[in-house]
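Number of protein chains: 2
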Amino acid sequence: MKNAVGREIPEVVGGRTLRPFEGAFATRASGRKAARAQKGIGRDEEKLLPSLDAALEATGLADGMTISFHHCFRDGDALVNQVVDACARKGLRDLRLFATALFPVHKPLLEHIESGVIGRIEGSMNGPVGAFVSQGGMLRDPAVLRSHGGRWRAVEAGDVHIDVAFIAAPQADAYGNANGIHGKTPCGPITFASVDAQYADQTVVVTNDLAPYPAHPFEIQQGWTDYVVEVDEIGDPGNIASGTLQITRSPTRLRIARLAADVVVASPYFVDGFSFQGGAGGVSLATVAYLGEEMERAGIVSSFAIGGGTRFLIDLLHRGRVRTILEGQAFDIEAIRSLREDDGHVTIDPGHYANYDSRGSSTYRLDAAFLGATEVDLEFNANVNTHSDGLLLHGIGGHQDVAAGASMTIITVPALRGRLPVIVDRVTTVTTPGEVIDVIVTDRGIAVNPAREELRDRLVAAGLPVRELEEIKKEAEALTQPAGVPVFGDEIIAVIEWRDGTVIDVVRKVEGWA
Amino acid sequence: MKNAVGREIPEVVGGRTLRPFEGAFATRASGRKAARAQKGIGRDEEKLLPSLDAALEATGLADGMTISFHHCFRDGDALVNQVVDACARKGLRDLRLFATALFPVHKPLLEHIESGVIGRIEGSMNGPVGAFVSQGGMLRDPAVLRSHGGRWRAVEAGDVHIDVAFIAAPQADAYGNANGIHGKTPCGPITFASVDAQYADQTVVVTNDLAPYPAHPFEIQQGWTDYVVEVDEIGDPGNIASGTLQITRSPTRLRIARLAADVVVASPYFVDGFSFQGGAGGVSLATVAYLGEEMERAGIVSSFAIGGGTRFLIDLLHRGRVRTILEGQAFDIEAIRSLREDDGHVTIDPGHYANYDSRGSSTYRLDAAFLGATEVDLEFNANVNTHSDGLLLHGIGGHQDVAAGASMTIITVPALRGRLPVIVDRVTTVTTPGEVIDVIVTDRGIAVNPAREELRDRLVAAGLPVRELEEIKKEAEALTQPAGVPVFGDEIIAVIEWRDGTVIDVVRKVEGWA
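If you read the protein sequences in the order shown, they are chains A and B. Note that our numbering has the first sequence beginning at 1, numbered continuously upward. Note that our numbering has the second sequence beginning at 1, numbered continuously upward.
Because the hints were derived from the structure by calculation, they are not lab data. Owing to the predicted nature of the structure, the values given are computational and were not obtained by experimental measurement. A few of these clues could be false.
Any copy will do: because identical chains look the same in the list, a pair fits if it lies in one copy or spans two.
[Unchecked claim] Cut-off 25 Å, straight-line C-alpha distance, at most; resulting in silico cross-link-like pairs (DMTMM-like, lysine to aspartate or glutamate): (1) 184 x 343; (2) 184 x 342; (3) 33 x 159; (4) 33 x 163; (5) 184 x 159; (6) 90 x 477; (7) 33 x 201; (8) 90 x 341; (9) 47 x 272; (10) 47 x 468; (11) 90 x 294; (12) 2 x 425; (13) 2 x 209; (14) 33 x 45; (15) 33 x 44; (16) 474 x 159; (17) 2 x 475; (18) 33 x 46; (19) 474 x 435; (20) 2 x 57; (21) 47 x 453.
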């Protein structure tokens, strides 16, 4: 069957019945969410265990069960590998790994996939694990990728039942209160994991900095935490950003950022109180910096911005140009410090900012958002998961959530990456449907979704280089070099969920390149 | 059948099967909690409704349904009466009123009970509503009283299903984020209601101060909130305290407070890092003040204290004698201001501090707690619900939760109230079982629970006036005047739950006094 973006979705994959994507806001859940486990504790019972191995024993983790993790240390994470190693030592098999996201640092997992310790993965796979799975890695069932909000939704809805959540906590007390903004190696809020802690049958907080009771803020609460383990290392905050936290120096990318800021200024949204989504990545940082200058010039104050927080966003907060930052994920040390110090910098969780099955996401209150893509197509669909070589190399992050929510979603992409085209007839994978993407800003001009005629007229009137997407595409294509085209097999290696749990696309195995 | 404190508990009351109390920590829930309602919203959908009447329409509130409220304005609350009046206007009948607590200000409810608009009450009834119900008010079924933690537990467990939660919010944005510490009439945290907001089928936030998005802290979250209503008045913070916030000047009560502080100092718990529960009421305030002096003298810093926050506790925080205050309920303006300003003053919800069906309550980390009682008996049982005249005049509050949790629970009572005895053979109603009460401090001496022999020896060694409870009782009885003894009917007008959902006692109708 074909879904609403024209992708062929099988009815059943890996024993799972798929619901095809029907449109960005087409479904409305009814009935009940999953029911959380009842728990109890003796008054004098303690939770501290001496090791991860002891935690595996205490929780009774067994073959086929689901273990979960957050990715707040990103490429600096040290917990996933330690726990899966411990599972391997214990002889466990066919575990489902339900991490929010995996990074190059998790390459050692390949061995555990091959040996059958890990049988399934649900979550983003950035880099080597994705590449491996794309080429027929030995997972029993296809991976499932979800957005930040989609993952939260899936846990609450009971689509994914977590047996044991392992939560890396830069600071925790022995009773299981934990946070990510204090401690020896703060990584920013760990609220990604709060849905895990609440819905998992058992929750293990793992910390390298055991603090006196009560450790606060209570991003993770004692009432949800079954056990606490102290270890030497949970992650290296130095590898959170992986070098994406410099403003780009590329003239092409600076031009894109400049144009994106100009689009906002020319739009009807650029009035006092407007709201926007910042983010990491060189172009986004430059856009935020330009936007700050424009706000200063216009005497405008933004009511709120949604992070990933960076020093550029914090700077706007400190200068009074942004009244409130809603923060789900901090990208640098300045953002983490600000969370400790600034009243206007407020931690949220993905349930708050992005849960489809709730009475409102923060993203729905956004005026403008800036997002990237690996590819866009003439239907304005965006791909952030696969490259044009077909390999699954990135997660969804908040892409879908922010795009669906913002009144004006701007995709910033170069018309070419090296010699590869970015605007294509049909994206390799649809991550986010064109219906929620309003503007595509490239170094070779700006394209506006035909559904937004009024917006297009405003940008034209402001003298911005508005063009047809196809025109930009053709111009770029003249400069591309032929690259290997992926040859896909039949086997589905990953399912891409839309934020409501329907399937917007599937990713097939790459057999080779032609 | 008799429960573990020897009270006769019927098997069924008002169609509800009762589980008899088995001991303070005898039960352990298993299985699953209640499942929350699935919800959704359109991207551009707004929630603001023009009136409470419009909210009744929008929610589809119907006969026999359950409506819930928090009591953070206490005797200053203005919402319950407004909503029930609106229900009466709409012709609704047989509603179950599930307020955390009712106060004298809610006396107008009597009319709605008599007319059948309200058919059932679950929650504390302080004053006239309790007196009315005690004497055969026209409720269809007996009232159910629960502790703070017990109420949270009951909602999560599905014992009480809330159809519509109405939440008085001193500050809210139009998207349903709400808090109690900002706005025109701050009442302190409204986290009592966060379980209502999460588990109710529908949630209505009612505010007198609509703030720009995003209003924070997020004590109530947008994702839980179906509708927002702006009204002129939600409550008067001036009536939160009802005059209980002065240190007592009564020499008798000052002596009790002094002895309670002395008990702590002489106990093994008075070491650096010790923790205690403060509270309102003249004796508690004086105890906290004395304790502060003793901490100063001994150079001791308390790791944490649990509120009800008052200026006396805030003073200890500011002086560095208490490192952290965990706050579920603020009792004065200084406490509310401190919540806005002091990093060490941390809002918690009853789920965090007191939920039996969780992996730990903050009260379990308490060393010492000071609580009152209307009566105590020779088994060390405490009554806080009824008076010796049999009338149900008070709620449980956190009494059970704190007593069960603290390593040393101290009940402070005068040996006589006026000419009425406070120490009796058998309390009129058992609220909190003697097994979790360690010390009873009266103006005529200190009694130690026989189970705590070592503690008794320490207090004796410190030269404190330790006596047998029976001895104090007899001494007081010589001074009492005969008062009317209640004549109870058969009809059960209220069920007193222990914090695990079992029934520790029932309250019968008062037919008259003999």
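Going through the earlier hints one by one, which of them does the structure break, listed in rising order? 5, 6, 8, 10, 11, 13, 16, 17, 20 and 21
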